[in-house]
Amino acid sequence: MTDHLVFMLQLLITGIAVGSVYALMALGFVLIFKASSVVNFGPGELVLFGAYVSWAAILQMHFPLYIAFPLTLITSIALGLIIERGVLRPLIGEPIISVIMVTFGVASVIRGVLNMVWGSDTRPFPALFSSEPFHLGPVPVSPVHLWSFVIALLLLGTFSVFFKYSLTGMAMRATADNQQVALSLGISVKGIFALSWGIATVVSTLGGIILGSVRGGVDFSLADLGLKVFPVVILGGLDSILGAIVGGVLIGVLENLSGGYLDPVFGGGVKEVAPFVILVLILMVRPYGLFGKGEIERV
Amino acid sequence: MTCGGFRVRYGDDERLFDTHWPVVGLLILSAALSVVPLVASTYWLDVLNRIGIAIIGAIGLNILIGFTGQISIGHAAFLAVGAYSTAVLEAHLGLPFYLAIPAAALVTAIFGLLFGLPSLRLKGLYLAIATLAAHFIITYAIIHWEGMSGGVLGLLVPTPSLFGLALDADARIYYVIFACVFPAALFGKNLFRTKVGRAFIAIRDRDVAAQVIGVSLLQYKLLAFSISSFYAGIAGGLMAHHSRILFPDAFTLLVAIDYLAMIIIGGLGSILGAIFGAIFMTLLPEILKLAATSLSGVYPQSFGLIASSRDVIFGLAIITFLIFEPEGLARIWSRLRMYWKLWPYAY
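Protein chains in written order, with our numbering: chain F, 132 to 430; chain G, 1041 to 1387.
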């Protein structure tokens, strides 16, 4: 196999791995949007929170993994519930700009609190998976990348089953479809909102743990990755879980490929901007994305 | 003594200011501001300058979001376009600053027009996301077009001069900035007595209905984006002269969020609100810094803690205002005015 092909495959595999983390973040975003039509403009901070809390539980308090993980997840559920109950519930029915701004506010508070508690230095993150790359044909693959992809797929499967068959999942779908009808059928719509935030923070936390172990450290630049959620959800469709996963992987691959091939042309950093160029193109052509519901209000 | 608004003619209803007192207040304020550089320290002068710049930017953003209802998260990018165009026009073409800033504002307005185009098809959330993308694309272009912008190394802004007088001190730039703040505020206030301003408000309240009664959405939405970006361009141009060296770092997404916070905390759809919000958001970190320095004598560790508490307090301020006073400081102000106007017979 030629060097060129290996280079491309490597970009592809890194892209899929990074993309699956994007998919996790997008999953959290879509869950919240689907249930409560709230757009969370601070998905990166939820990821950051998960990464820092798990770092603190494992390396600062020296809990064994089987305690540290549940502890992190419980903390993040609590965070999700606090955000929903304390901040978003009073704003139900307010104009969209208020909801957008309040999620910026929440993100700012999370970032500030993390900064006050743990400071802004980069913290080494424990390697949860072996970093010894194995070879898939001629292409070296790092197990961390493989694991993040597998975990994303597992979560996708779990959530698909959950939404399709479980009573709670069906209640969530019903709420997303029509809140008043759901309410009249005895579904606690507020409970569903809270649940969606709880699940979203858990998923983001998992994303944070994976990102932390992929990078070998956590710092505040993790939060910047959170904004990549927007290209992902626009590509996949704002209210589609399948779209979040497919969009995540696609954006991950596209940004890596464009970074690999266009960086020499434009002088670096293409990776950071390519997803947003894609976003604008999609908005122009197909604003509801690949799998979203095509009922966007046009002016 | 009047104890309420007695408007008996349409003219009374359309006046710029309800009573004479705001006019008197403005005159006193401008007189007071004009002697400030004689007494203020460099530090407070710098703060005042930044307040002035923020006021212009915030009024521009409020015209777009608060009055026209088009959400934009790309304001920092427009500030950057204004700042860099000013610097480039002066450094590469040798224009004097009083031509360069308006020219840069025009350039920014054209950019605003361009990035306002998606608003014709998208609204609400989708528009917000589109402007977010615009922010990243514009800042990317600025960072990587190194021949023009100097990239991450920064771009030196030439010292402006007026009638042979070099405006090289904060005190001198101060007069330039506030010479722009007053017309900007008055133009903004007056805009909403005109056909254009009324059209903006109609679009905000219900775009379809506005279209039905004959407001051209195409024309007025793009006009709103242009006017808003023109303000951003002026603010950016002043910013370039105030900071004297431009780095792309000065125009991150956080700056755009700061401006959004200004108009939310100040009051959406109010010129006075934009002014209050700009003052509040600029003073907040300064007051925290002062608190930190005065406390660090007593509790040495508190400095870092209070400095990093800026994010928390900033976020909490946004959340608190949105939940408890969605109409912002402007609403509080008008309640206070009402209270004093009717005092002591409040009922």
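Derived by calculation from the structure, the hints in this document are not laboratory data.
The C-beta atom is built at its ideal place from N, Cα and C for all residues, glycine as well.
Treat the hints with caution; some may be incorrect.
[Said to hold, decoys possible] Examples of chain G residues lying across from chain F (beta carbon under 8 Å, computed):
#1 V1048
#2 D1052
#3 I1105
#4 I1111
#5 M1188
#6 V1192
#7 L1196
#8 L1345
#9 G1355
[Stated by the list, open to error] If we take Cβ atoms under 7 Å as the criterion, some of the chain G residues that face chain F in the derived model are:
#10 F1046
#11 L1073
#12 I1304
#13 V1352
Hints, one by one, checked against the model:
no.: 1; hint: V1048; result: 35 Å, violated
no.: 2; hint: D1052; result: 31 Å, violated
no.: 3; hint: I1105; result: 6 Å, holds
no.: 4; hint: I1111; result: 5 Å, holds
no.: 5; hint: M1188; result: 13 Å, violated
no.: 6; hint: V1192; result: 10 Å, violated
no.: 7; hint: L1196; result: 21 Å, violated
no.: 8; hint: L1345; result: 6 Å, holds
no.: 9; hint: G1355; result: 3 Å, holds
no.: 10; hint: F1046; result: 33 Å, violated
no.: 11; hint: L1073; result: 30 Å, violated
no.: 12; hint: I1304; result: 5 Å, holds
no.: 13; hint: V1352; result: 3 Å, holds
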